[in-house]
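Work the whole structure out from these sequences, hints included.
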Amino acid sequence: MSSTKAHAVCAAVGLIACLSGIVTPLAAATLDIPTPYVPSTELNVDEMLRLANVQPKDVVYDLGSGDGRIVIAAARDWGARGVGIELDPKLVAESRERAAREGVADRVSFRQEDVLKAQLADAAVVTIYLLTSLVNRLEPKLFSELKPGTRIVAHDYPFGDWKPDRYVKVSKNFYLYVVPARVAGKWQLALAVPGSAREYELELKQRFQEVSGGARVAGGYLPAFEPRLDGEHIAFILIDENTSYRFEGVVSGAAMEGVVRWGAGPRQQQATWKATRVVGVSEG
Amino acid sequence: MSPGIFSRRRFIAGAAALTAASVVPIIAQSQFFDVPFVPTPQVVVDEMLRLAAVTPNDVVYDLGSGDGRIVITAARKFGAHAIGVELDEHLIYQSEESARQANVLERVKFLQQDFFKTDFSQASVITMYLLPGVMKRLREHMLQLKPGTRLVAHDFDFDDWRPDVKTTIRKNVFLWIVPAQASGRWQVRAGLPGGDFVFDMELRQKYQELDGFVRIDKLPGGVWEPKLEGDRIRFAVVDSRDRDNEATLYFRGRVSGGAMEGELVRGVGNQESRYNWRAVKVADVKPVGK
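Just so you know, the protein sequences line up as chains A and B, in that order.
For the first sequence, my numbering gives the first residue as 1, with consecutive numbering after it.
For the second sequence, my numbering gives the first residue as 285, with consecutive numbering after it.
Calculated from the structure, these hints are not laboratory results.
Please note that the accuracy of each hint is not assured.
Once the Cα atoms are required to be at most 25 Å apart in a straight line, the calculated DSS-like pairs of lysine-lysine come out as [what the hints assert, rightly or not]:
| no. | chain 1 | residue 1 | chain 2 | residue 2 |
| --- | --- | --- | --- | --- |
| 1 | B | LYS502 | B | LYS570 |
| 2 | A | LYS172 | B | LYS455 |
| 3 | A | LYS186 | A | LYS205 |
| 4 | A | LYS205 | A | LYS163 |
| 5 | A | LYS163 | A | LYS141 |
| 6 | A | LYS163 | B | LYS511 |
| 7 | B | LYS455 | A | LYS169 |
| 8 | B | LYS420 | B | LYS455 |
| 9 | B | LYS450 | A | LYS169 |
| 10 | A | LYS186 | A | LYS274 |
| 11 | B | LYS565 | B | LYS430 |
| 12 | A | LYS205 | B | LYS450 |
| 13 | A | LYS90 | A | LYS147 |
| 14 | B | LYS490 | A | LYS169 |
| 15 | B | LYS430 | B | LYS401 |
| 16 | B | LYS420 | B | LYS430 |
| 17 | B | LYS430 | B | LYS502 |
| 18 | B | LYS502 | A | LYS205 |
| 19 | A | LYS169 | B | LYS430 |
| 20 | A | LYS163 | A | LYS147 |
| 21 | A | LYS172 | B | LYS511 |
| 22 | A | LYS163 | B | LYS450 |
| 23 | B | LYS490 | B | LYS450 |
| 24 | B | LYS502 | A | LYS172 |
| 25 | A | LYS147 | A | LYS57 |
| 26 | B | LYS393 | B | LYS490 |
| 27 | A | LYS147 | A | LYS117 |
Far from chain B by the CB rule (all over 10 Å, computed), these chain A residues [what the hints assert, rightly or not]:
| no. | residue |
| --- | --- |
| 28 | ALA105 |
| 29 | ALA197 |
| 30 | GLY219 |
| 31 | GLU226 |
Computed footprint of chain A on chain B, listed as stretches where at least three residues anywhere in the stretch have a Cβ under 8 Å from a Cβ of chain A [what the hints assert, rightly or not]:
| no. | stretch |
| --- | --- |
| 32 | 322–335 |
| 33 | 448–455 |
| 34 | 527–536 |
All of these numbers come straight from a predicted model, not from anything done at the bench.
Note that the Cβ used here is the ideal one computed from N, Cα and C, for glycine as well.
Set out below in structure tokens:
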């Protein structure tokens, strides 16, 4: 991001605390501190959009869009559409002029509003270069409002609780987060293995993209090995009767489905599997 | 888990020799069976070979091949050629018999020898399930193998040589890829459109982990995101010669003795373009902390 953002903020009393990332609950709840406007260099912009693997079909949101450089680069260099959210009206006006000069005015828009109140539902990529206090206030909003699979790239200041899916250091630190599907809870899992249909009760726990759990079968429990969640893509391994069944699939609301493989090398076999949610369990 | 399947038959010519080995130095030094025979569960065998991505083109060596199950699985399920190295002749007989039953005799071989004396120059994959002390003694040996050779072990690792990949499928399974020697002072020449971009780069290496810096027009800069996998190297350098038009160059290439070459990407998105690069080693640097 470019950066930044005048934005939210604490009153002067809270400023020092906010800058150092330590905010008392009272200050966090009631005060606003300005986020300084510090533009990202072109190099940083390139790295953020590269890490997000921006595609022409993507809508890229920059939260605290400053002079609009990230939004404009997303449209100009990557063929995407871009939306900048910026509190400072002067920077918004400057961004619009810049977009017109760069010939991308039809593919970008700038909204003068608070990033904490912005509507982000159509975002495929969100970029942020904000101070820790604001990053942490955005964390629950982004986790709950963005679609699974949405990529978030943070520059310099990572989320507090949510671990990055990737971390890259090229002059500066960049963090990539992929919004995970919600999989916590119980699922009825069925697979069509030739000769015998199998059913399991899959139970998963989740903290952001980290999942764990296992499957109950008649009288036994199979722990899920190597569980992974990457946006809406899920994978895990169940070992049943001395064979590793490697599940991969896509989560879509209360259903998941995909392919399960077992065996190795030329002798590998596969079948399809489906699971439906039985009882929702809120994530930890 | 069904305990019946994985019963750890702790076998060996005279279980007494094994127990004694850890206690009586004289017996331990007799190089007789430093490693007990504890068969690897079949799901773990499968995972080891899968993690090494074994194909029919591979030659797999199993160190301490026991009853031959890894060697036979590599041949039967993955179509590879496989060689077991085992000290105990009874286990060798048993392995050959199992290979005959599995119909893979023509693709497997069992050598009755000490694997510290085995020639691995033909190996593309080496599997092992050995105790930590033996792993440690093997480490230097393994680092001398052809870059790109894949080593797979389970339960016990190479201590401070971190695995390239670790998975947990009932047990911990580790994959290491023998790294090329990329450490040294290099002169890099990138064929950019405005003329060759030449800079000095110093790389330090600990196993496959790299770290380094560059000097561009005498100014120091970082070597970012360096990665070494066998003889394949990747890193990024910021071309900062023109302050108003900085760009990150993403290098990819191969290391071959005192030379590296490959392709680099400059720019991103639809601004991306590719050029060739080469580097020659101009001096050695001391390896890091081995």
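These are the hints, each one checked on the structure:
1. B:LYS502 <-> B:LYS570: 22 Å, holds
2. A:LYS172 <-> B:LYS455: Violated: LYS172 of chain A and LYS455 of chain B sit about 37 Å apart, past 25 Å.
3. A:LYS186 <-> A:LYS205: 9 Å, holds
4. A:LYS205 <-> A:LYS163: 16 Å, holds
5. A:LYS163 <-> A:LYS141: This hinted pair holds, its Cα atoms lying about 16 Å apart.
6. A:LYS163 <-> B:LYS511: Between LYS163 of chain A and LYS511 of chain B the Cα gap is close to 22 Å, so the pair holds against 25 Å.
7. B:LYS455 <-> A:LYS169: 33 Å, violated
8. B:LYS420 <-> B:LYS455: 20 Å, holds
9. B:LYS450 <-> A:LYS169: 23 Å, holds
10. A:LYS186 <-> A:LYS274: 13 Å, holds
11. B:LYS565 <-> B:LYS430: 19 Å, holds
12. A:LYS205 <-> B:LYS450: 22 Å, holds
13. A:LYS90 <-> A:LYS147: Not OK: LYS90 of chain A and LYS147 of chain A at ~31 Å, beyond 25 Å, violated.
14. B:LYS490 <-> A:LYS169: Satisfied, since the Cα-Cα distance of roughly 19 Å is no more than 25 Å.
15. B:LYS430 <-> B:LYS401: The hint holds at about 17 Å.
16. B:LYS420 <-> B:LYS430: Status holds; Cα separation ~19 Å.
17. B:LYS430 <-> B:LYS502: 35 Å, violated
18. B:LYS502 <-> A:LYS205: It is violated: about 53 Å lies between the C-alpha atoms, which goes past 25 Å.
19. A:LYS169 <-> B:LYS430: Violated. LYS169 of chain A to LYS430 of chain B sits at ~30 Å, over the 25 Å cutoff.
20. A:LYS163 <-> A:LYS147: OK: LYS163 of chain A and LYS147 of chain A at ~18 Å, within 25 Å.
21. A:LYS172 <-> B:LYS511: The given pair, whose Cα atoms are some 18 Å apart, holds under the 25 Å limit.
22. A:LYS163 <-> B:LYS450: Roughly 19 Å separates the two Cα atoms, so the pair holds.
23. B:LYS490 <-> B:LYS450: 18 Å, holds
24. B:LYS502 <-> A:LYS172: Between LYS502 of chain B and LYS172 of chain A the Cα gap is close to 21 Å, so the pair holds against 25 Å.
25. A:LYS147 <-> A:LYS57: Within the cut-off at roughly 15 Å; holds.
26. B:LYS393 <-> B:LYS490: 35 Å, violated
27. A:LYS147 <-> A:LYS117: 17 Å, holds
28. ALA105: At roughly 18 Å from the nearest Cβ of chain B, ALA105 of chain A sits farther out than 10 Å, so the non-interface label holds.
29. ALA197: Answer for ALA197 of chain A: holds, closest chain B Cβ roughly 22 Å.
30. GLY219: At roughly 12 Å from the nearest Cβ of chain B, GLY219 of chain A sits farther out than 10 Å, so the non-interface label holds.
31. GLU226: Given a closest Cβ separation of 6 Å, the condition is violated.
32. 322–335: holds (count 7)
33. 448–455: holds (count 4)
34. 527–536: holds (count 3)
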